[in-house]
Amino acid sequence: MSKTILITGGARSGKSALAERHALTLASQAVYIATAEVRDDEMAERVALHQARRGDEWRTVHAPLNLLETLRKTDGCGVRLVDCLTLWLSNLMLGGHDWQDAVQALAAALPEQRDPVVIVTNEVGAGIVPENALARAYRDASGLMNQIIAAAADEVYLAVCGLPLKVKPNEQHAF
Amino acid sequence: MSKTILITGGARSGKSALAERHALTLASQAVYIATAEVRDDEMAERVALHQARRGDEWRTVHAPLNLLETLRKTDGCGVRLVDCLTLWLSNLMLGGHDWQDAVQALAAALPEQRDPVVIVTNEVGAGIVPENALARAYRDASGLMNQIIAAAADEVYLAVCGLPLKVKPNEQHAF
Amino acid sequence: MSKTILITGGARSGKSALAERHALTLASQAVYIATAEVRDDEMAERVALHQARRGDEWRTVHAPLNLLETLRKTDGCGVRLVDCLTLWLSNLMLGGHDWQDAVQALAAALPEQRDPVVIVTNEVGAGIVPENALARAYRDASGLMNQIIAAAADEVYLAVCGLPLKVKPNEQHAF
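Protein chains in written order, with the UniProt record's numbering: chain A, 1 to 175; chain B, 1 to 175; chain C, 1 to 175.
Hints are computed from structural coordinates only; laboratory data are not their basis.
It cannot be assumed that every hint is accurate.
Pairs involving identical chains hold if they fit within one copy or between any two copies, as the list cannot separate such chains.
Said to hold, decoys possible - Simulated pairs of lysine to aspartate or glutamate, EDC-like, Cα-Cα distance not exceeding 20 Å: (1) K166 - E155; (2) K73 - E57; (3) K166 - D154; (4) K3 - E69; (5) K73 - D115.
As the structure is a computational prediction, the values presented were derived from the model and not from experiment.
The task is simple: from the sequences and hints, build the whole structure.
Written out as structure tokens, the structure reads:
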């Protein structure tokens, strides 16, 4: 049975480490789906740090845009960890793609997966409204994407200081 | 018996949709109290999107400043949804009004309401300290306002990816 | 037995007031360890507001950099409240100190304390990525520090609208 887990949080809230730890409780083989396009040294350093932390159970594939196709191709290879959804969104928006269609297609495809999928995303909307219109558009798109994927996910966690706070399912919190 | 529910969260965290859903569990008739002053196209689009989502149970009143008076006038008309408190604060500050007095008066009036009130507010303080002094003042005022209204509320929820995380009452989390 | 409590949250989320309230449930005498370097009027005002709120149980010591030494010297004087860790980090970074060493040393020293320590920190990573490289570095360092101290803490709370949301320990949220 498929299972989708979404882990969200602010920058350096420990989302990726939590996602990796959680992924390895779901399968012994794992595929790391990197959405980052390595465009500068700061990004390269971040990717290298993440790779160094992962062990031999992991193989890495890159999917800056073709996330859906990559999920289909790797279904049967073990748990997939998508890191992260906000970079994928950024790649879609910068490339002039229809991000809303892509997000809806992803949400629709998740329940069809046989192997589990752990998805890392970011909280970017809890600061002051950005003066930059592009930043506002990105912030809005990120939030909408997170809502759509969370609705399709079986479990949702908010990472706080490296610790997981369960948001879904959570009977205690239901209206 | 009156009941006040506060729903907070970042931009596009699904606060308004959660608030609308929750409001309709409390009464069959609902009043949408919009605090937005429609000053540009971006805002007009956002207001239109929110209105399109609401059904026939709703009537809309505008209260960019006179929130307290509007709550008094609509008491007896069903559940009231205030969307949102941070825009009201912004209108108060930009208009040179005493926002602290206004917030305290609102907090004092909430328990006197006969019909329930669902209030949407925003988390704006979890980013980097803004360089702009006005943005810092607004951020501080928002946080103080949220604390004052949360203290007067019966229930407080944090919206994360469109999902409600109960903050109050929450025995499990009490010190 | 020692006990470390970490309280995090956005600006004006009520962290300090929660920390003070919690500290006085742990001991009748309390030491307020202020990490702020008072460099401008805005900061002076903030410090004065915080001091005015505290009662006679409190004495105040200043530790803009020498936090570890201050914790050792005040062990035996009652509960210590460190307010706040992010200002201490900022002082370390601006002074050209090795903040990673300092944070690791603090994490190692916390379990050795006899009297309890309540630590206030900040969430600064849930907004849009800052354009400023220094702000990005500070945001990353803050998040990493929070993870390290949270791992060493017995309890971790997220302040939301002045209310505590327990993050650790929290069986319900464990993976």
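Going through the hints against the structure:
For the identical chains of this complex, K166 and E155 are neighbours both inside a copy (8 Å) and across copies (16 Å), given an alpha-carbon limit of 20 Å. Taking CA atoms no more than 20 Å apart as the test, K73 paired with E57 passes inside one copy only; the shortest distance there is 18 Å, against 47 Å between copies. For the homomeric pair K166 and D154, the shortest alpha-carbon distances inside one copy (11 Å) and between copies (19 Å) are both at most 20 Å. Taking the closest pair of Cα atoms, K3 and E69 come within 20 Å of each other only inside a single copy of the chain (18 Å); across copies the shortest separation is 49 Å, beyond that limit.
For a Cα distance limit of 20 Å, the shortest separation of K73 from D115 inside one copy, 11 Å, qualifies, whereas the shortest one across copies, 55 Å, does not.
Violated hints are absent here; each numbered hint is respected by the structure.
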